[in-house]
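**Student:** Sequence:
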Amino acid sequence: MSAETQQETLGFQTEVKQLLHLMIHSLYSNKEIFLRELISNASDAADKLRFEALANNDLYEGNGELNIRIDFNAAAKTITIADNGIGMGRQDVIDHLGTIAKSGTSQFLSELSGDQKKDSQLIGQFGVGFYSAFIVADKVEVFTRRAGESAAEGVHWTSQGEGEFTIATVDKPQRGTTIVLHLKEGEEEFADGFRLRNLVRKYSDHISLPVIMQSEPAPAEEGEEPAAPEDETVNSATALWTRSKSELSEDDYKEFYKHVSHDFQEPMKWSHNRVEGKLEYTSLLYTPAHAPYDLWNRDTPRGLKLYVQRVFIMDEADQFLPMYLRFIKGVVDTNDLSLNVSREILQKDPVVDKLRAQLTKRALDMLGKLAKNDPEQYAKFWTEFGEVLKEGPAEDQANRETVLKLLRFASTQNDSAEQSVSLEDYVSRMQEGQEKIYYTVAENYNTAKHSPHLEIFRKKGIEVLLMSDRVDEWMMSQLFDFDGKSFQDVSKGDLDLGETENEDEKKAQEETAKEMEGLTERLKASLDAQVSEVRVTHRLTDSPACVVLGAYDMGMQMRKIMEAAGQAVPDTKPIFEINPEHALVSKLDQEADEDRFNELALVVFEQAQLAAGGQLDDPAAYVNRLNKLLVNLIS
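With UniProt numbering applied, the sequence shown corresponds to residues 1 to 635, in that order.
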């Protein structure tokens, strides 16, 4: 290569500096992944060249034989990984090697704790990529030229992985990218043919591109010339998803997942299928073991790798799975789309709709089998991805029942916040005469668990689902029934216990309500500004009172979420229900002094608000009222 020109030194983006430091200090125990990451990037570069060459065959520059080449020099302590893929221009190099373009990078970095074990897992979810080279190298050089540009437009990038990098223009006759790693002191083990071959076979055997190394000839006999080394393909060089399941091992599937997802942790579950008939496709879908750091950013690029007739078309094709399955990784390869397909065409092609329907069913079937055959693993899956799956029933009417069976909840049946109860479990335990699935939604598990609305259910031994995820109230507003049983929020509307209440109980409630009409009318007059109605409850056994929302009113959890987001919320008043058996209510009924009655009524109402997880408009006034009552009680 000729002398370098247009040389300049630039600083790394702040996030790159942090990531480099963390990787070098957190991933030292798994340092050999650097080769997998660099080979994976080289494979992606070849895929992108194939795709762009569909529209412009000149990009091949007369050489369509794509491969990855690995060389080493033990004396110089270097490893070289070269590909003849799409390559990069000068600005590409600055953008891709000097910055991290991923959305949410700052949030990701803020979650790193300094604990090497935990941080290494999080970095794995972020994707290690090119920067993994600095785990074993104290200097990295990149020589690259984009396909279609002249040899004089080559780029030489170099850095020691600290604060800055140098970039210069250089002649590069061959398109593609060559990376030279100058190994750190103590990392010389990697400049060894046997070691490198083993790593390729261990981590990158599934790469569809040939990975080429020079053979290591056997020692020559005395007096003979040593045999010249020859090029040999180290890996299988066949796209893994095209191979038969019977010839693939679990390790093959696991390593391919790491390639396709850039996650260095093993997947939890996978599903490999080949379909022939009216629709022909092969799919390989994976469920990760851990949620990515940006799972809740719905704008994050997501989706499957799309191939058409074994030709790579695009990364992150998001048309093939619904949003609530955005955590699924994998590949779909079909013969039923054209090679010149684009994202715009994908949105209109009826074949895509058919593929989406089938791939969604396969993904849900994979999760269903995991739930049925390995509940312990499914519990781990639910901890990571359960809240996302709860978006499914509203977003996917076609698979609503299937998704509902996959949901898990906390319940009064258990003593922990663990979400382990399925709707099928709940229905199987329903009491004789019970016609509804009862639930409550609160800001957190403890508020839900101790809600006064549960008192009558505990007394009768009726199970209630306890919900506290941010998505829960929105989800339940979209659901009406499961297995023929309707849902009822125990904190909203009239409480209907069905045939679990006998006629004597119902009659007694009616008589009590009539007897307490004087008190309920008095309370309504006192609390008119705060409540829409006052009535006798049959929800409570221990508490003096509770607040109940109208059947179609927005719940407290949703109100808080919307208010926090600056959204307007409807101005509605709750229903105030009193327990006639409680001593405090009896005291209210007997209170003749109107001022004291009003003070006590307001205190009981505000206590009910707090018990339901609500917030008081004027907490200080509530404390003053309570203190005043306590002083009177003491004196």
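Worth flagging that the hints you see were computed from the coordinates, not collected in a lab.
We put the beta carbon where it would ideally sit given N, CA and C, even for glycine.
Among the hints, a few may not be true.
Taking lysine to aspartate or glutamate and the EDC-like style, the derived pairs with C-alpha atoms no more than 20 Å apart in a straight line are [said to hold, decoys possible]: (1) Lys492 to Asp571; (2) Lys372 to Asp353; (3) Lys17 to Glu225; (4) Lys184 to Glu216; (5) Lys139 to Asp205; (6) Lys628 to Glu594; (7) Lys524 to Asp593; (8) Lys278 to Glu187; (9) Lys372 to Glu515; (10) Lys587 to Glu515; (11) Lys449 to Asp483.
Estimated spans, in silico, between C-beta atoms of each pair [as the list claims (entries may be wrong)]: (12) Asn502 to Val603: 43 to 51 Å; (13) Gly186 to Asp336: 48 to 56 Å; (14) Glu563 to Asn624: 36 to 44 Å; (15) Gln377 to Leu279: 24 to 32 Å; (16) Lys17 to Lys202: 27 to 35 Å.
**Student:** Compare the structure with each hint and give your call.
**Tutor:** Results for each hint:
1. Lys492 to Asp571: Distance of about 16 Å is within 20 Å: holds.
2. Lys372 to Asp353: 28 Å, violated
3. Lys17 to Glu225: This hinted pair is violated, its Cα atoms lying about 50 Å apart.
4. Lys184 to Glu216: 24 Å, violated
5. Lys139 to Asp205: Violated, at about 27 Å.
6. Lys628 to Glu594: Holds, at about 15 Å.
7. Lys524 to Asp593: 16 Å, holds
8. Lys278 to Glu187: 54 Å, violated
9. Lys372 to Glu515: Given pair Lys372, Glu515 is violated - Cα atoms ~53 Å apart, limit 20 Å.
10. Lys587 to Glu515: 15 Å, holds
11. Lys449 to Asp483: Distance ~25 Å between Lys449 and Asp483 Cα, so the pair is violated.
12. Asn502 to Val603: 43 to 51 Å: The hint (43 to 51 Å, Cβ to Cβ) is violated, given that Asn502 and Val603 are roughly 35 Å apart.
13. Gly186 to Asp336: 48 to 56 Å: 53 Å, holds
14. Glu563 to Asn624: 36 to 44 Å: At 25 Å between Cβs, range violated.
15. Gln377 to Leu279: 24 to 32 Å: 31 Å, holds
16. Lys17 to Lys202: 27 to 35 Å: Since Lys17 and Lys202 have Cβ atoms about 31 Å apart, the given range 27 to 35 Å holds.
Checked against the numbered hints above, the structure breaks hints 2, 3, 4, 5, 8, 9, 11, 12, 14 and satisfies the rest.
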